[in-house]
Amino acid sequence: MLSIAKRLPAVLGGGMRFNAGTFVFAAATICIAWLIVVPMVLLLLNSLRVGPPSFWGGEFTLRNYIVAFTHEHFFSALGNTVVFSVVASLGSLVTAITFAWLVERTDMPYRNAAWVAMLLPLAMPGVIFALSWMLLLLPEIGLVNVVIRWFCSLFGISIETGPLDIQSLEGMMFLGWLRGVSTIFLMLVGVFRMMDPRLEEAGRLSGASPRRVLWRVTLPLLGPAILAAGIYSFVNLLDSFEGPLVLGLAAGIFVLSTLIYFTARYHSPPDYGLSAAYAVFFMAVMAILAIFYIRMIRRAERFAVVTGKGFRPMKYPLGRWRLPALGLFGCYFVFTILAPFTVLLWASLLPFYELPSWEALQYASFDNYVEILSNPRFTHDLINTVIVALGAGTLTLLVAFMISWVAVRTKYKARFLLDGLTFVSYAIPGVVVALALVFVYLQPPFKYLGIYGTVWIIVAGLMTQYLAFATRTTNAGLLQIHKELEEAARICGAGQWRTMWRITGRLLMGAFVAGWIWVVAHSLRSFAIPLVLAGQDNEVLSVWLWVHWQDGWVSQASALAVILILLTAIIGLLARRLLTSRQVGGLQG
Amino acid sequence: MITVSKLSKTFHTEHETVGAVREVSFDVAEGAFYTLLGPSGCGKTTILRCIAGLEQPDAGEIRLGETVVFSSEQQINLPPEKRGIGMVFQSYAIWPHMSVFENVAFPLQEGSQRFSRSEIRDRVMKALETVQLETMERRDATQLSGGQQQRLALARALVAEPTVLLLDEPLSNLDAQLRGEMRIELRELQRRIRITTLYVTHDQIEALSMSSQIAVLRAGNICQIAPPKEVYLNPKGSFVANFMGATNLIEGRLSANHDVPVVETDIGNFQCIKGDEVRAGDSVLLAIQPVNVVLHQNQSAGANTVKGKVELTVFSGDYLDCQIRVGSHTLYTKQHPTVEVSRGQEVYVELPPAHCIAVTMDSDS
Chain A
1 MLSIAKRLPA VLGGGMRFNA GTFVFAAATI CIAWLIVVPM VLLLLNSLRV
51 GPPSFWGGEF TLRNYIVAFT HEHFFSALGN TVVFSVVASL GSLVTAITFA
101 WLVERTDMPY RNAAWVAMLL PLAMPGVIFA LSWMLLLLPE IGLVNVVIRW
151 FCSLFGISIE TGPLDIQSLE GMMFLGWLRG VSTIFLMLVG VFRMMDPRLE
201 EAGRLSGASP RRVLWRVTLP LLGPAILAAG IYSFVNLLDS FEGPLVLGLA
251 AGIFVLSTLI YFTARYHSPP DYGLSAAYAV FFMAVMAILA IFYIRMIRRA
301 ERFAVVTGKG FRPMKYPLGR WRLPALGLFG CYFVFTILAP FTVLLWASLL
351 PFYELPSWEA LQYASFDNYV EILSNPRFTH DLINTVIVAL GAGTLTLLVA
401 FMISWVAVRT KYKARFLLDG LTFVSYAIPG VVVALALVFV YLQPPFKYLG
451 IYGTVWIIVA GLMTQYLAFA TRTTNAGLLQ IHKELEEAAR ICGAGQWRTM
501 WRITGRLLMG AFVAGWIWVV AHSLRSFAIP LVLAGQDNEV LSVWLWVHWQ
551 DGWVSQASAL AVILILLTAI IGLLARRLLT SRQVGGLQG
Chain B
1001 MITVSKLSKT FHTEHETVGA VREVSFDVAE GAFYTLLGPS GCGKTTILRC
1051 IAGLEQPDAG EIRLGETVVF SSEQQINLPP EKRGIGMVFQ SYAIWPHMSV
1101 FENVAFPLQE GSQRFSRSEI RDRVMKALET VQLETMERRD ATQLSGGQQQ
1151 RLALARALVA EPTVLLLDEP LSNLDAQLRG EMRIELRELQ RRIRITTLYV
1201 THDQIEALSM SSQIAVLRAG NICQIAPPKE VYLNPKGSFV ANFMGATNLI
1251 EGRLSANHDV PVVETDIGNF QCIKGDEVRA GDSVLLAIQP VNVVLHQNQS
1301 AGANTVKGKV ELTVFSGDYL DCQIRVGSHT LYTKQHPTVE VSRGQEVYVE
1351 LPPAHCIAVT MDSDS
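So the protein sequences, as listed, match chains A and B.
Residues 1 to 589 in this note's numbering are what the first sequence spells out, letter by letter.
Residues 1001 to 1365 in this note's numbering are what the second sequence spells out, letter by letter.
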């Protein structure tokens, strides 16, 4: 009896009906297989063979791994990656904790201004940030170096070049540290705000001073959350590409992500197999870290100190340190926004880059802007950029919605696998995604789709990269919609599709829009994936900017950079307007 | 009207089976107010959800009127939207993105029958009048109070004139006073429109005060089906007795040597009443409600009286709760608050025969 019943299809009677659950489950499975599983499998297979990617064939061999693990480049890149990521993430973490604590738990004045200083750097694309710091810290013409040399000459010390050089591992760490702060700040500031002040008050009543309470109660309680943020930042830096590429390419300093790019696209002849071997190794490391991160978050959630009730937390009195504390935010603002933007603005106004002076100001004009804006390549790349951003945003969120629906609303056993794969896919570095897509769309059967070299291959890459975040947003949104709201609609006579349209979809709109804006904003300034997948027709603005700079058009590229910064800032402002109080939790950045 | 036969459903979570239903059968007569009563996890909500079509049973048959909506043998499983029922959920499930009017209009827009705009308007307003929300139609659903949301959910469930109304613990989210009012209001409304109603609750007071028939469930099985008074006065088995508030349970044996039923226990013999299923010689439990235990200062002539010592008294306003030690047993009583007893005092405890019920012993109760 029972065994018969188990085979009963989910919806029978009145003829076979088209079951929405089955359809969505099938679609979500296909999307995950296509976006995550197939690229990773092909990457692995191609790491086991030699030859150009467009001709599938040859025998399987371990040659690539043998070359990789005996190559001096590999070990220096690995060492650089670890040192760079550890130092920069620790720096970002300490800075972000300090900033979050200052904003939320002290009586520091002008907290709103501090918030602006923390949010603005998010509008600066990474490649532009790194290029602007080249203008500030190149040994010969770097503005800061010139000032230092002038200052030293006042004391009779004469220095020929330098003393600082951004094109070094230290330079990478410096920029990685600066860029990491905002993201971690956003992750931690909520935790600092929501912490139950009674835990600290109990510490005070037990006779501890505010300073002792900070050390013995506040920080240990936040320990797991801080550690999770630290690992997140570490993973982000391992993955980072723009800074190490811009600063390291000329100097020959590589990290894993740039080594993969260099081996596949710069090296002559390009060695895709070797590059794939590096990528597989890279991905394995990232996957281990991702699993560690998941366990960390679970522990952080078990520490039930973050209660979410709206109370006023205890404010630590800073006394005479109130203004110096605010000064820290000022410094951060200068380093991340003011100095980079100013130097780019200056460069963009000159026909050739020169140090600021009254004579140089004579030549200042908007000619570069006119040149850039009237260049047909600008229109072409702008259209590509817009298609990529809107396409990636919309498609990613649609797929994310389907995965969330399967994970949250159905009872398929495979739902854990789908959700887990999606989450772990967050750890796949952008360069690795791009490299894998080269194999996917140059080799049968997917080469017959003909999307290699079009904007759609970039869209596919960005979907893989942002799916994890988008799914977390839609998961959270769907979990907040009580299941009975949908069941009530079914009882009221609406079918599965009508219920999804009139109830689930409408109630999920907020989370959907938030996730969409996030993906669009990140796609607009994405660089690694569009660069690796760049062909004749699918160039986006950030790639043109980099190519143009490489070709020596520093002034025009600066003008383009200023335009891009203003564009992302405007979109960011619009997004904040739209989302006002909505918090996008989880993976920010 | 509702016929459930041999309904089975098991849930498998990682570690255990929860809310399972084992071959449950019952009939709900047309116009009845039928209650499924039981503790949490007994499967009552599962049965309701199977009838609604929100869960798929493993086996069995469900009929609404003449329509078979589920049958494992005939391989029939109508989706919920084809069953023509109204339902009020525990959380009310009021759609927050719609106004009061839109919430109630939804079943008319989505149902199989087509209505014109003005018909929808008339019917919605009529449904809102039935639950006294006619002045609120333009409000956002989220602006309503808990009691109003409950009425709105009721209006939405009734607007399409379903043949069956399912209520899943609808009063459990209200505060105590409102719950009392809504009990009466809901029952009166049901009487007025004579809709066949299946009600799920864990609260025996709700069940006793509203139902025409009660089915008491335990661990996926029905223990007793009877009208409220019978369930209360003549519970079948120690589980039902205990659930109905007879928390004094004394182990004993039903004697065969008397004209009236007598239970022999190790604190004495007690006259009692019993159901047909209990036979002379059986091991039984003597069940009595705390309010029916009478305390005497001096030995009186009454039957069923034993001597005991007051262990504990707790004054709680309406009642004086006492624990009385009798031999190896502790008896719980609720006395009128003016009764003067104090801790350590010796008293005579009378268990009036009319309130002593011999019930069969259920496992683990």
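These are calculated hints, taken from the structure and not from any lab test.
Honestly, I wouldn't trust all of these hints.
Some chain A residues flagged as far from chain B (calculated, every beta-carbon gap over 10 Å) [stated by the list, open to error]:
| hint | residue |
| --- | --- |
| 1 | L485 |
| 2 | I491 |
| 3 | A494 |
| 4 | L507 |
Capping the alpha-carbon separation at 20 Å, the derived lysine to aspartate or glutamate pairs in EDC-like fashion look like this [stated by the list, open to error]:
| hint | chain 1 | residue 1 | chain 2 | residue 2 |
| --- | --- | --- | --- | --- |
| 5 | A | K483 | B | E1055 |
| 6 | A | K483 | B | E1169 |
| 7 | A | K411 | B | E1055 |
| 8 | A | K413 | B | E1055 |
| 9 | A | K483 | B | E1110 |
| 10 | B | K1126 | B | E1102 |
| 11 | B | K1082 | A | E484 |
| 12 | B | K1082 | A | D537 |
| 13 | A | K447 | A | D537 |
Computed Cβ-Cβ distance ranges for the label pairs, DEER-style [as the list claims (entries may be wrong)]:
| hint | chain 1 | residue 1 | chain 2 | residue 2 | range |
| --- | --- | --- | --- | --- | --- |
| 14 | A | A20 | B | S1025 | 41 to 51 Å |
| 15 | A | T410 | B | G1180 | 37 to 47 Å |
| 16 | B | K1006 | A | A20 | 47 to 57 Å |
| 17 | A | Y412 | B | G1180 | 22 to 32 Å |
Using N, Cα and C, we set each Cβ at its ideal position, and we do this for glycine too.
Taking the hints in turn, this is what the structure says about them:
For L485(A), the shortest C-beta to C-beta distance to chain B comes to about 5 Å, within the 10 Å cut-off, and the non-interface label is violated. Listed as outside the interface, I491(A) is inconsistent with that label: its C-beta sits roughly 5 Å from the nearest C-beta of chain B, within the 10 Å cut-off. Its closest Cβ contact with chain B, about 4 Å, brings A494(A) to no more than 10 Å, contrary to its assignment away from the interface. Residue-level check failed: L507(A) sits 6 Å from the nearest beta carbon of chain B, not beyond 10 Å.
A threshold of 20 Å between alpha carbons decides the hint, and for K483(A) with E1055(B) the separation of about 13 Å falls inside it, so the pair holds. The hinted pair formed by K483(A) and E1169(B) meets the criterion: a straight-line CA distance of about 16 Å does not exceed 20 Å. The hinted pair formed by K411(A) and E1055(B) meets the criterion: a straight-line CA distance of about 12 Å does not exceed 20 Å. Simply put, K413(A) and E1055(B) have alpha-carbon atoms about 17 Å apart, close enough for the 20 Å limit, and the pair holds.
Taken as a hint, the K483(A) and E1110(B) pair is honoured in the structure, with Cα atoms around 19 Å apart against an allowance of 20 Å. Annotation: proposed proximity of K1126(B) to E1102(B) holds, straight-line Cα distance about 14 Å (limit 20 Å). A C-alpha spacing of about 18 Å is found between K1082(B) and E484(A), which places the hinted pair at or below 20 Å, so the restraint holds. The suggested pairing of K1082(B) with D537(A) is violated, with an alpha-carbon distance near 53 Å, which exceeds 20 Å.
Annotation: proposed proximity of K447(A) to D537(A) holds, straight-line Cα distance about 17 Å (limit 20 Å). A beta carbon spacing of about 32 Å between A20(A) and S1025(B) contradicts the range 41 to 51 Å that was offered as a hint. Between T410(A) and G1180(B) the beta carbon distance is about 40 Å. The supplied range of 37 to 47 Å therefore holds. Between K1006(B) and A20(A) the C-beta distance comes to about 30 Å, which lies outside the given range of 47 to 57 Å.
Checking the proposed 22 to 32 Å range against Y412(A) and G1180(B) shows it is violated: the Cβ atoms sit about 44 Å from each other.
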